[in-house]
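Line by line, the protein sequences are chains W and E. The first sequence begins at 1 in the working numbering and counts up by one. The second sequence begins at 1 in the working numbering and counts up by one.
These are computed hints drawn from the structure, not numbers from a lab. Some clues are possibly wrong.
What the hints assert, rightly or not - Computed list of chain E residues with no C-beta within reach of chain W, every gap over 10 Å: (1) 80; (2) 135; (3) 223.
Claimed, not checked - Not everything, but these chain E residues come out facing chain W in the computed CB check (under 8 Å): (4) 250; (5) 251; (6) 255; (7) 258; (8) 383; (9) 384; (10) 591; (11) 595; (12) 596; (13) 597; (14) 599; (15) 634; (16) 635; (17) 642; (18) 645; (19) 649.
Every residue, glycine too, gets a C-beta built ideally from N, C-alpha and C.
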Amino acid sequence: MTANGKPKFAMYWAAACGGCEIAVLNIHEKILDVDANFDVVFWPVAMDAKYKDVEAMPDQSITLCLFNGAIRNSENRHIAELLRRKSKILVAFGSCACEGGFPALSNLTTREETLRTAFSTVSTDNPQNLRPQPNYTVPEGELDIPHMYSVVRPLDQAVPVDYYMPGCPPESEQIAAVVELVIKALKGEATLPAAGSVIGAGHSTVCDECTRTRNEKKITGFTRIQDFRPDPALCLLEQGILCNGPATRNGCTARCPMAGVPCVGCYGPTDGARDFGGRLMSAVASVIDSTDPQEIERILDQIPDPVGSFYHTNLAGSLLQASKPTWEEDQHAAHHD
Amino acid sequence: MTEKIGVYVCHCGTNIAGMVDVEGVAKWAAERLAHRGVVIARDYKFMCSSLGQELIEKDIQELGLTRVVVAACSPHLHEQTFRTACARAGLNPYLCELVSIREQVSWVHTDKAAATAKAKAVLSGGVERVTHHAPLEPLRVPIHPATLVVGGGIAGIQAALEIADSGTRVYLVEREPSIGGHMAQFDKTFPTLDCSACILTPKMVSVGNHPNITLMTYAEVTKVDGFVGNFEVTVTQKPRYVKVDLCTGCGVCEEKCPKKVVDDIFEVGLGKRKVIYRPFAQAVPKYPVLDRENCTYFIKGTCKACEKFCPTDAIDFEQKEEIITLKVGNIILATGFDLFNAHRIPQYGLGRLPNVFTSLEFERLCNAAGPTNGNVVMRDGTTVPKSVGIIHCVGSRDENYHAYCSSICCMQSLKFAHLVRERTGAEVYNFYIDMRAPGKGYEEFYHRLLEEGVHFVRGKVAEVSAFARLPGEEGHLIVQVEDTLIGKQRRIPLDMVVLSAGLEPRHDAKQVAKVFGISCSADGWYIEKHPKLDPVATMTEGIYIAGAVQGPKDIPASVAQGAAAAARVMGRIQQKEIALEPVRASIDETRCSGCRICNALCPFNAILYHADTAVSEVNPALCQGCGTCVAACPAGAISGTGFSDEQVLSQMEGLLLRNLQPVEV
Ligand SMILES: Cc1cc2nc3c(=O)[nH]c(=O)nc-3n(C[C@H](O)[C@H](O)[C@H](O)COP(=O)(O)OP(=O)(O)OC[C@H]3O[C@@H](n4cnc5c(N)ncnc54)[C@H](O)[C@@H]3O)c2cc1C
Ligand code: SF4
Ligand code: SF4
Ligand code: SF4
Ligand code: SF4
Chain W
1 MTANGKPKFA
11 MYWAAACGGC
21 EIAVLNIHEK
31 ILDVDANFDV
41 VFWPVAMDAK
51 YKDVEAMPDQ
61 SITLCLFNGA
71 IRNSENRHIA
81 ELLRRKSKIL
91 VAFGSCACEG
101 GFPALSNLTT
111 REETLRTAFS
121 TVSTDNPQNL
131 RPQPNYTVPE
141 GELDIPHMYS
151 VVRPLDQAVP
161 VDYYMPGCPP
171 ESEQIAAVVE
181 LVIKALKGEA
191 TLPAAGSVIG
201 AGHSTVCDEC
211 TRTRNEKKIT
221 GFTRIQDFRP
231 DPALCLLEQG
241 ILCNGPATRN
251 GCTARCPMAG
261 VPCVGCYGPT
271 DGARDFGGRL
281 MSAVASVIDS
291 TDPQEIERIL
301 DQIPDPVGSF
311 YHTNLAGSLL
321 QASKPTWEED
331 QHAAHHD
Chain E
1 MTEKIGVYVC
11 HCGTNIAGMV
21 DVEGVAKWAA
31 ERLAHRGVVI
41 ARDYKFMCSS
51 LGQELIEKDI
61 QELGLTRVVV
71 AACSPHLHEQ
81 TFRTACARAG
91 LNPYLCELVS
101 IREQVSWVHT
111 DKAAATAKAK
121 AVLSGGVERV
131 THHAPLEPLR
141 VPIHPATLVV
151 GGGIAGIQAA
161 LEIADSGTRV
171 YLVEREPSIG
181 GHMAQFDKTF
191 PTLDCSACIL
201 TPKMVSVGNH
211 PNITLMTYAE
221 VTKVDGFVGN
231 FEVTVTQKPR
241 YVKVDLCTGC
251 GVCEEKCPKK
261 VVDDIFEVGL
271 GKRKVIYRPF
281 AQAVPKYPVL
291 DRENCTYFIK
301 GTCKACEKFC
311 PTDAIDFEQK
321 EEIITLKVGN
331 IILATGFDLF
341 NAHRIPQYGL
351 GRLPNVFTSL
361 EFERLCNAAG
371 PTNGNVVMRD
381 GTTVPKSVGI
391 IHCVGSRDEN
401 YHAYCSSICC
411 MQSLKFAHLV
421 RERTGAEVYN
431 FYIDMRAPGK
441 GYEEFYHRLL
451 EEGVHFVRGK
461 VAEVSAFARL
471 PGEEGHLIVQ
481 VEDTLIGKQR
491 RIPLDMVVLS
501 AGLEPRHDAK
511 QVAKVFGISC
521 SADGWYIEKH
531 PKLDPVATMT
541 EGIYIAGAVQ
551 GPKDIPASVA
561 QGAAAAARVM
571 GRIQQKEIAL
581 EPVRASIDET
591 RCSGCRICNA
601 LCPFNAILYH
611 ADTAVSEVNP
621 ALCQGCGTCV
631 AACPAGAISG
641 TGFSDEQVLS
651 QMEGLLLRNL
661 QPVEV
């Protein structure tokens, strides 16, 4: 506790798009409760703070830390370790922290290829083909920038995590509810769920909250919403649109499918599932309405970008995890670019 | 680790010990898996022997084992043995895991070191898995005493009679107007040459008169719900347009009906029948059926000759299709086979060359009650052939059609050769690839034919044509064949050629299998539970198969299977209730979103969708634990008892040897 007696709160943005930060701000007046109940000690996007201030805090002195973003580079990892040490409750916040998020789709390719795409595309103005250098000497001295690792990892592959809060980003109502729960728990009015649990989400799947009509599933082909006018009342999957709702943990109130856009699966797998994409693939494959291998092949070929569809936000946390070098190997490789 | 695990590695004589260092494996498990709960690891010559089983029982009692892993043969063979041993010692039988180091290791490898390493990995997987086993109780369900037999060929007839004689109800459902199946079409039967009708019709009559048999012909099973002991079967009865309670079977209607049509079924297109008809004189039941498609009254609105003349007013043009539901405990499928369609081999000329006949056509030609009154004549209906060729293996033993041997064609071709000689004195040529005569009295029958002056040409016929090239070929069919015994191409001019077409699965075998929830081989034959030890049961509890539906076979084998299936069913009925394997899928309704992905997948129709609560449910008595739905549920809401993710994933960890106690160096 601080001098004012309030528990400390921290939030950090690692390899992520920033949507999680916006989602927290989007809890509207509940943000005042955060301020009323917590002493915000570290939140780079909202207030000025230095890493050295955090380093100076006693271990375990931060009560609640929401960590969003995946571990892409050595800075992400360093801060993850630091905040783990300083925090009582460390929450992997959002899809990237939970399971790598869509940045982890770059695990399908090499680090070199990712850098090339980022720094040498047609739209990049980089005539000298410059690349960021890990070390650089300027008149004032030596500069270091973080090393980019060869793969993207979710937070729990770097440090132990207390809770997982999925979503890309997590829904604001869910964030508000979690904040409220923690506040109550601190006052002794509620108990926190078991360590390692998923919070701010349900235990079933998106279909549970989706009110579209469902029939026995039989898929004869795949298509996309831009290619026809889907029936507004019928399950999208039954209309040949790859909707990830059946495999995705609920908690979002099925916003996407209800608006006519297929679920991409950002809330991740359910308690009963280990591998999101694997589950989804075997489910979809099971309901292809044909017994002719060639026909089945033809139907499956209509799925656009299979890995990107089935593992949109979950690749790094899946059973299919990229074969990973150790941290040391990865650090070493980065130095020899 | 709270479990106390006993590990038993079997030598299986030299079956395993010859390729795997069994003692080494046991010792290794005791050392490296001790921290995973293994308290004792033994190897023994024959674990399945009473002494082997006693080893386990003694350890359970003395060491207080809570889990048992036996590394031996396939669970198919001895899982039951070791489970029972555990139960005798007071351990829940489902806490025992059998890992196969024979079928999956020693028998399939040739490198002893590698095989031993694999045996260790498989065993380690079993140790990890067994920890997650839960004690289970088998499910007990009552058996309804009635039985459904589908298909009234000789196999179905035999099964129905055996069960009915034992005193319980049998419903026999036959698609055609009469029972009898293929056998009713034949004249003589090999190898004894007894008259087919003479041995078949008494059985048909017994079926018709049996107080315990409810015969439903001109009917088909359209739906099967429920599970072993408690099936609910929907039968669709096609309208006969004849009231069976009034009809005396006098046949006046048939006699008076003015319209004749070609009979494509019973007479295979060789003869005609009336529109209101019985397929043959001894048909059972005796009631005719009216073929609506061809009936003048149904087409033009006038005629009704049958109605006018029927002495008991049994004709009923208003009759409708009827849906009947039956409750039965067991089902026997005896739907038989179809004849291979020899049109598929155009070079044999069927349909193009008039005097090329199929085997079933030839049976009808020979039959005294057939279209030619038993005269073996050519397509013109009068000319007696002077030379006849009989081609074996048509559509069988041929990669292009069926790779299997149809098993009856050789004998049936010999029967034909005999009948041609007997009826016409014509020269007969049998073209065979190999002579297959393995049944009782079959080889003797072959020798008898050799003495009857039949010419045997060993070779596969290339073509049957009508193009004469050489003198003496004019006006004949020419069979072109390589006679492999003399190593020469031959052209043999003949008057008539009979194609001994093979047997193939019914054209609708796959759909019928789906209705009953059983599986077919790639060919379409129904699959038995075990090819040697359980030939009439299927993987679906309570559903049995008999006769040619399981694969090509002759009459004696079909009858034997009919009786065998009946014995299995009678055993079941006697037991009054049955214990079902508790390996079942179940759905956690709090996780199920009602996405309905699983709904249509269950091959046993065990999944029910509750629209009101929008969740799916597995009926545990119907579920056979196949795992299809478990793999398909994207929410991970379904788990299979004995196959939970935990069990499977921990077994994998074990297989990858990630669980080993590090060795101290
Ligand atoms: C030309 C020829 C000659 C033969 N000669 C001999 C011989 O001399 N000696 C010998 O031992 N064997 C002989 N056989 C073999 C013999 O035909 C079979 O062994 C025997 O017919 C198999 O009997 P089954 O009851 O299994 O099948 P089937 O005789 O085919 O009977 C099946 C019955 O099921 C009915 N059915 C089919 N589908 C359904 C359905 N969905 N619902 C309800 N009913 C249905 C059919 O209408 C039929 O009545 C010969 C075979 C052929 C082709
Ligand atoms: S549209 Fe998507 S979320 Fe809605 S029911 Fe269908 S699969 Fe489920
Ligand atoms: S009504 Fe039909 S079945 Fe009866 S006699 Fe006429 S054609 Fe034959
Ligand atoms: S495991 Fe599932 S699919 Fe298989 S029998 Fe049971 S309910 Fe049906
Ligand atoms: S697949 Fe799973 S979630 Fe979907 S209806 Fe079946 S049990 Fe429920």
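Query - Enumerated hints in conflict with the structure, sorted upward - result: Going through the list in order, the structure violates hints 4, 5, 6, 7, 8, 9 and 17 and respects the others.
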